[in-house]
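Listed below are the residues making up each chain.
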Amino acid sequence: MKEASPAKAYALHVGVIVLLFALSFVLPEYHHGLLARIMVLAVFAMGYNMLFGYVGLLSLGHAMFFSAGLYGAGLAVIHLGWSVPAAFAAGLACGALLALVIGLLALRTSGVAFMIVTMMFAQVFYLIILYLAAWTGGDQGLVVPQSARVLVLGSTSLGLTNPTVRYMSALVLFSIVLLMTLAVVRSRYGRVLVAIRENEERTKMLGYDTFSNKLAAVVVSGTICAASGAAYALLFGYVGSTFASVQYSILPLLWVLLGGAATTLGPLIGTLFMYYVVDITSGYTSAYLLIVGIALILLVLFFPKGILGTIRQRWLGWLP
Amino acid sequence: MTPLLTTKGLSRNFGGLRAVDGVDFALMPGEIRAVIGPNGAGKTTFVSLVSGRIQPSSGMIVFDGADITNLPAYARVRLGIAYTFQITSVFANLTAYDNVALPVQRTLTDGRSKGAVHASAMAALERTGLADRAHMPAGQLSYGHQRLLEVAMGLALKPRLLILDEPTQGLADSEIDNFIGLVREIAKSATVLLIEHNMPVVMQLADRITVFNAGKILAEGTPEQVRANAEVQDAYLGTTP
Numbered sequence: 001m002k003e004a005s006p007a008k009a010y011a012l013h014v015g016v017i018v019l020l021f022a023l024s025f026v027l028p029e030y031h032h033g034l035l036a037r038i039m040v041l042a043v044f045a046m047g048y049n050m051l052f053g054y055v056g057l058l059s060l061g062h063a064m065f066f067s068a069g070l071y072g073a074g075l076a077v078i079h080l081g082w083s084v085p086a087a088f089a090a091g092l093a094c095g096a097l098l099a100l101v102i103g104l105l106a107l108r109t110s111g112v113a114f115m116i117v118t119m120m121f122a123q124v125f126y127l128i129i130l131y132l133a134a135w136t137g138g139d140q141g142l143v144v145p146q147s148a149r150v151l152v153l154g155s156t157s158l159g160l161t162n163p164t165v166r167y168m169s170a171l172v173l174f175s176i177v178l179l180m181t182l183a184v185v186r187s188r189y190g191r192v193l194v195a196i197r198e199n200e201e202r203t204k205m206l207g208y209d210t211f212s213n214k215l216a217a218v219v220v221s222g223t224i225c226a227a228s229g230a231a232y233a234l235l236f237g238y239v240g241s242t243f244a245s246v247q248y249s250i251l252p253l254l255w256v257l258l259g260g261a262a263t264t265l266g267p268l269i270g271t272l273f274m275y276y277v278v279d280i281t282s283g284y285t286s287a288y289l290l291i292v293g294i295a296l297i298l299l300v301l302f303f304p305k306g307i308l309g310t311i312r313q314r315w316l317g318w319l320p
Numbered sequence: 001m002t003p004l005l006t007t008k009g010l011s012r013n014f015g016g017l018r019a020v021d022g023v024d025f026a027l028m029p030g031e032i033r034a035v036i037g038p039n040g041a042g043k044t045t046f047v048s049l050v051s052g053r054i055q056p057s058s059g060m061i062v063f064d065g066a067d068i069t070n071l072p073a074y075a076r077v078r079l080g081i082a083y084t085f086q087i088t089s090v091f092a093n094l095t096a097y098d099n100v101a102l103p104v105q106r107t108l109t110d111g112r113s114k115g116a117v118h119a120s121a122m123a124a125l126e127r128t129g130l131a132d133r134a135h136m137p138a139g140q141l142s143y144g145h146q147r148l149l150e151v152a153m154g155l156a157l158k159p160r161l162l163i164l165d166e167p168t169q170g171l172a173d174s175e176i177d178n179f180i181g182l183v184r185e186i187a188k189s190a191t192v193l194l195i196e197h198n199m200p201v202v203m204q205l206a207d208r209i210t211v212f213n214a215g216k217i218l219a220e221g222t223p224e225q226v227r228a229n230a231e232v233q234d235a236y237l238g239t240t241p
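Protein chains in written order, with full-length UniProt numbering: chain A, 1 to 320; chain B, 1 to 241.
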């Protein structure tokens, strides 16, 4: 955290948002849809980065926060017939509440134990979803009916199945979370979080209640991930237990590491990169995972701090 | 005058070892107190108990009339007990400015203005002569400057009791002279508890000296009294006539 010119950082972030907005009008249909999905999942990665990148807490259970939002919003629509905004709020509330409870329990540990405990809780959450198949659809999942995915704003109603509406909704969510992350990182609270990552013992001896600060970070991180999950359910219309599986706890870690932990734009870059490497290589060969693996190894060798992390270290020290 | 800090029967065991053994200690407001003793005498353990970094096995700690024995460390810092680490423990990857801004932003009560954090952080850096290095990562500062940064962080907490654990360790002679001046200035606004091995520093700074040996207080008094104490000489030289 250098004393960077704030104008430059904000200009960059607004520039990225404007670029994504402009892309909506030029991208072919397939990439348009893919990018909408990537933006929603980048929000998941940004939520993960908040905890992993800035506080240094490595969780292996963030799939539960994503799926808390996913199911919270999806089931509210399917079973209770709630409107889109109410369902989205329900998803957020589920994620925040879950994060608070899990945080209170898991933060009694640290390091490897924290990884294991968060992973265990996520597995429990996953199994509960399967167990409650009568409501959750079990491993089949549920489809959120198209008729319910309509956002009513005053007298206009926007169908979330419309590609442009979907893209713009994803962009709005992404932009809000991105700018919020930037503001938190540059704030005094952000400085305390980084201090905890660097040396928790020392931070305590400066008079900070590190437990409360970490708990707040878990709740913020969990809520952002739940926002991503809720948006996913409402925009793409599917609620499934795969999203609660351990794979979806590892993916955000991978995206963040690729893009650069503790960089504000890294999660987007990492998600984008991973999606397109898979997309391009799978077009050529069925052994695309081999190429993905090689790409990952090369990245770790030459960009050990992730794409943006390494760029920041070598060339652009002011990057937030 | 009532003491700022008192301990009653303060003890801490590590397994079978009584690192601190029933210590009764009192510190008056405004004094500079040096704690000396051979290696392993329990000095660092004692100040760690006072600062709350470790919990006592038994005994009681009273700060400014309140029992703080069961308070966590961060709460004691908020009451005004600041501890600077024996092993330099600055945030190496953060700038010197951010290192000092962390304690500053917590003590500021207005909580809003960015200017206030900046002004107070720079003031603490200036007092320790680090202002021109504010934007260097702390890990790239020289060892002596890191020690000073450690003190600056302690100062920025606006402590009522500043505990300095071997602050001059590893400093050059010229740096030590500056350091003595700095501690004298700090003592105008805070009580100082100083663990120190460097005897010339102790003799110049301390109003009173407490000598630890084997977890107990062996002697206490003015520098002259302690210097003349035969038991203290035995503890240090290991000769019993």
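Since the hints were made in silico from the structure, they are not lab data.
Check the hints yourself; a few may be wrong.
Stated by the list, open to error - So, partial list: chain B residues that the calculated Cβ filter (under 10 Å) puts toward chain A:
| hint | residue |
| --- | --- |
| 1 | Ile-68 |
| 2 | Pro-72 |
| 3 | Ser-89 |
| 4 | Thr-107 |
| 5 | His-145 |
To be verified - Now the in silico label distances, taken between C-beta atoms and shown as ranges:
| hint | chain 1 | residue 1 | chain 2 | residue 2 | range |
| --- | --- | --- | --- | --- | --- |
| 6 | A | Val-18 | B | Thr-88 | 57 to 65 Å |
| 7 | B | Gly-115 | A | Ala-216 | 45 to 53 Å |
| 8 | A | Val-18 | B | Gln-169 | 26 to 34 Å |
| 9 | B | Glu-185 | A | Ala-216 | 32 to 40 Å |
| 10 | A | Leu-179 | B | Met-136 | 24 to 32 Å |
| 11 | B | Ala-75 | A | Gln-313 | 31 to 39 Å |
| 12 | A | Leu-254 | B | Ser-174 | 48 to 56 Å |
Beta carbons: idealized from backbone N, C-alpha and C, even for Gly.
Cross-check of the supplied hints:
Using the Cβ-Cβ criterion of 10 Å, the hint placing Ile-68 of chain B at the interface with chain A is not satisfied: the shortest such distance is roughly 14 Å. Checking Pro-72 of chain B against chain A by beta carbon gives a least distance of about 8 Å; that is within 10 Å, so the hint holds. Here the hint on Ser-89 of chain B is kept, as its CB sits about 5 Å from the closest CB of chain A, short of 10 Å. The criterion of a C-beta within 10 Å of any C-beta in chain A is met by Thr-107 of chain B, whose closest approach is roughly 8 Å, and the hint holds.
Proximity of His-145 of chain B to chain A is violated relative to the hint, the smallest CB-CB distance being about 17 Å (cut-off 10 Å). Separation of Val-18 of chain A from Thr-88 of chain B is about 46 Å and departs from the stated range, judged on CB atoms against 57 to 65 Å. Here the CB-CB span from Gly-115 of chain B to Ala-216 of chain A is close to 26 Å, at odds with the stated 45 to 53 Å. Between Val-18 of chain A and Gln-169 of chain B the beta carbons are some 55 Å apart, a value that contradicts the proposed interval 26 to 34 Å.
For the hinted restraint 32 to 40 Å between Glu-185 of chain B and Ala-216 of chain A, the CB-CB distance of approximately 37 Å keeps it satisfied. About 30 Å separates the C-beta atoms of Leu-179 of chain A and Met-136 of chain B, a value consistent with the hinted range of 24 to 32 Å. Under the hint 31 to 39 Å, the C-beta atoms of Ala-75 of chain B and Gln-313 of chain A, about 38 Å apart, fit the expected range. Taking the beta carbon of each, Leu-254 of chain A and Ser-174 of chain B are about 52 Å apart, inside 48 to 56 Å as hinted.
Checked against the numbered hints above, the structure violates hints 1, 5, 6, 7 and 8; every other hint is satisfied.
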